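Residue numbers (this note's numbering), protein chains in the order written: chain A, 1 to 417; chain B, 1001 to 1279; chain C, 2001 to 2293.
One should not assume that every hint holds.
SDA-like mimics (lysine to any residue), calculated; alpha carbons at most 20 Å apart, straight line [as the list claims (entries may be wrong)]:
#1 K247/A with K1004/B
#2 K1135/B with I345/A
#3 K2081/C with Y354/A
#4 K2081/C with L246/A
#5 K1173/B with S365/A
#6 K146/A with V2195/C
#7 K1105/B with Y354/A
#8 K1118/B with R2280/C
#9 K1004/B with G1077/B
Simulated from the structure, these hints should not be mistaken for lab results. The structure displayed is predicted, hence computed values, not measured ones.
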Amino acid sequence: MNQTVWKKRYSFYLSLLVLLVALGLLFWLEVNKSNYGMAVSVIQKSLVFSVVAVSMNLLNGFTGMFSLGQAGFMAIGAYTTAILTIPLSRVDGVYYMKGVAPWLKGVKTTLSVLPEPLLIVFALLIGGMIAGIFAFFIGIPVLRLKSDYLAIATLGFSEIVRAVISSPQLDRVTNGSYGLKNIPGFGVTQAGGVLPVGAGSLLIPFFFALTTIAFIVLVINSSYGRAFKAIREDEVAAEAMGINLLKHKQLAFVISSVITAMAGGMLAMYMRSIEARAFSVTLTYDILLIVVIGGLGSVSGSVLGAFVVTFAKDWFLRFFDSPLVIGGFQVPFLRMGFRMVVFSILLMIVVLFYRRGLMGSSEFSWKGIFRWIRRKKEGVETTKGEMIDYPDPPPAKPAPLIPDPPGAPQEGGRDER
Amino acid sequence: MKDKPVLSTQDLTMQFGGVVALNNLTMRIDPGEIVALIGPNGAGKTTAFNAITGVYPPTNGFVELEGKIIQQGFPKGKMKRLYAGENAGKYTKSLSLTPDRITKKGVARTFQNIRLFKNLTVFENVLIAHHTNMKAGVFQAAFGMNRKEEEDMRKRSWELLEMVDLSDVGLEKADNLPYGKQRHLEIARALATKPRLLLLDEPAAGMNPQETQEMGDFIRDIRERFSLTILIIEHHMNLVMDISDRIYVLDFGRQIAEGTPAEIQKNPEVIAAYLGVEQ
Amino acid sequence: MSFVTFIQHCLTGVSLGGAYALIAIGYSMVYGILLLINFAHADIFMMAGYFMIFSVSSFPWQISIPIVILGTVVLGVLIEKAAYMPLRSAPRMSIMISAIGVSYLLQNLATYLFSALPQAYPAIPPLKRQIRIGEVSASLVTFLTPVLTIILVFLLIFLLRKTKIGMAMRAVSKDYDTSKLMGIKINSIISLTFVIGSALAAVGSILYFTDRMSVTPFSGVLPGLKCFVAAVLGGIGSVPGAVIGGFLIGLSETFLVALGYSTFSDAFTFLLLILILLFRPTGLMGEDLQDKV
């Protein structure tokens, strides 16, 4: 075998390097936003979706629970964030039809003492908290039952949220079916400050994605994460090992919902104006598509999936939706809606023939890539799933917190099977 | 006077629809004993395990662990009409702890058809079983604030694997282990929950005589080492007669005999149950 | 609410419930056999709506109805063969994702082919005829739906109880593996389930959309969810249960709308689902199933 042995600190330095390069690149992109509008917008959306996908994966891929409530929880987060952060001066313009509820105006006036960044963080947290409370209470009846009831109940919940938000009774809070606009976006919008215009429009969602995904990864790698996986593998055995099914499922469900709602808040900031219609079942299905393509049970797969799918859908394959004429010949099929048909067929192909998705259940690691390159050089067959790099530094890929005890085979020596 | 029994059941009955799978089982297991539960297929042995560990609540009767009731049931609802077991109306209270609570109270079990966490490593299988005795909350655990505890769990998991001779395959997927090793792993995993009472459901099923012999030694060994009390279901009579202190025999859900291995071997009813009776 | 309006609402509710019941049976039967929530069922129902629009544009309605039923059946069986059959031994979640994938595909396909705008549903003249009984008046379809539902359900129950093939279907839903060992051709039984489910969905679709008058690619979603709840309410796997559930949901929805809570009528359905799951997970007519350990 080759003499080069992978050391843990290489991974650390490489991650650091990629992180710095990415930060630099993102910063450069965001201050030159006017030239790279498409790239900036697609990266923002990918970052937000990667958070939702990872938190959906926490349930579907790691705990084996099938939740389809993502759109509903995102709607809760999005509306909470929007309502709390729309600038006070523009509120009356937004609620031009029915006016804003006095109590809400009171709350907003009280909160307006907070500087805007703090207000946004506060709003995101409140949105997450509300979603968490809902998740907790839905979980009590539903999590006792088989996983498919969870799917239908969460799907129903998500539809209820949408119906309630757009109901005329809530006109003065959610602006009913008219939607909300003037939501502050990411980054600096006014020239003349210390920072250039556009600063933060990528770094803010990036750090948001980094922290939330890192948190989920930490949970997955902790003892609780192992308990989740045990539940996924075999509920009866997990229970016999002393794992309280309800408590752990509830925990996963609440964590996932809180983070989904916070990502919903970020989505509201990305879209700048929202309406209840955007949070339909289709949104949940879009995220499921990302998770399945990325690989159920792989965090890096979900992140990768979010980028691949969003880039393809919102950028590269956009031409599918507009008629195209090449040399007087009208390319068939290309018209409005074709893109989504292609994506749904793609989803079916992945489900039926490549059930592992891009990453299967393996995670990205520098060591894996290193080993893959080495094997490539030696001309040995590679296994699928280890060869993927992605356009983003691995989100907080913690080396095992605690070194394995002496009895354990050491890192680097364990691939000799 | 004997010590307080580790486990005792009284009139324990399990009925599914019209089928009485377990009828009126009354037994006691004293500290440090190895007790075997034998009987032909379908005699209700695994049902007894499931009723003890709370997989389903008993239809009638109760289970006591170290003097405290952990399962108690009486026929109610539709079952009130259907009930065909004995001692109806003797109990009026019901209580059923879920399997995880019972494991926490010190009862661990293995399964007849091995139920490992197949896609996880051998090491993780054992590590997960330590989770139940962990104190840290999810945030503490996620942010590594229980480093000491986590390190401890890992250390003990490796020790357990060492003991069952599986540490060299610790990082293999559990599903890739050969059958016999999977049985050992399941026992190691059960031991990781720190039980005082261990329920083994056919630990030597499908093993050849030599492996069976080794399994017997192993069971005796862990009893000493972990000061366990063991209830075992087994079909290998050599193993049963070799290791058990006492034996309960079930047939068609009913307890037909109880005694030391020597007594059981001579018991005509047991012989009849196993060989059939001549009319 | 006067007595006449009360009766009027009852009639509307029973009629809506009849259509729901026909769809709910499809969910219930598939779940009974494959333990799968056939998410695509709602979209099969939606597609049946489009089939009607297109077939009426070239044929008279008398011929269109059998064409629609046939087309829907072919679609349903095709979905089963293409998306569910290859995954028989796959984990439950994969099959469920496949079902969602089909639903997503059908919605997107419908958007692509027929645009997201509502398309007018053809009026079948005799069904639209107004009938008056005393002070209550409604179109024929309102009276016809519950009657037709009951007739179809009796036929189905007869099929399940009295014929050999029905017995095979019940055997498969009781114990999949054993019935396979008993020489029942599982795949043809499953196909038959989809044939029946889709045919009933097609009939349900005609009755439902005749009252609604337009179809969009997403008009299957909410009725689909409600019908699944109806199936759970009645006890999943039970045909009479699905029918009772369908009528109950149709009635309660109509009355909530009549009382001015139309936004919350959908919410109510899911509240109902959660309540059932809490207090009677087996539904009104369901059997207690226990997993073997």
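Practice item. Assess, step by step, whether the Cα of K2081/C is no farther than 20 Å from the Cα of L246/A, and give holds or violated. Key: violated, 36 Å
Review point. Are the Cα atoms of K1105/B and Y354/A separated by 20 Å or less?
Key: violated, 44 Å
Point to revise | Distance restraint between K146/A and V2195/C, which requires alpha-carbon spacing of 20 Å or less | key: violated, 27 Å
**Study point:** Hint consistency between K1173/B and S365/A [alpha-carbon to alpha-carbon, up to 20 Å]
**Key:** Distance of about 19 Å is within 20 Å: holds.
Practice item. Compare the distance between the alpha carbons of K1004/B and G1077/B with 20 Å, and conclude whether the hinted pair is satisfied. Key: It is violated: about 35 Å lies between the C-alpha atoms, which goes past 20 Å.
Point to revise | Distance restraint between K247/A and K1004/B, which requires alpha-carbon spacing of 20 Å or less | key: violated, 33 Å
Check your understanding: Going straight from one Cα to the other, do K1135/B and I345/A come out at no more than 20 Å?
Key -> violated, 47 Å
Review point. Within 20 Å, alpha carbon to alpha carbon, are K1118/B and R2280/C?
Key: Not satisfied, since the Cα-Cα distance of roughly 33 Å exceeds 20 Å.
Check your understanding: Are K2081/C and Y354/A close enough, with their CA atoms no more than 20 Å apart?
Key -> Holds, at about 18 Å.
Of the hints listed earlier, those the structure fails to meet are numbers 1, 2, 4, 6, 7, 8 and 9, in rising order.
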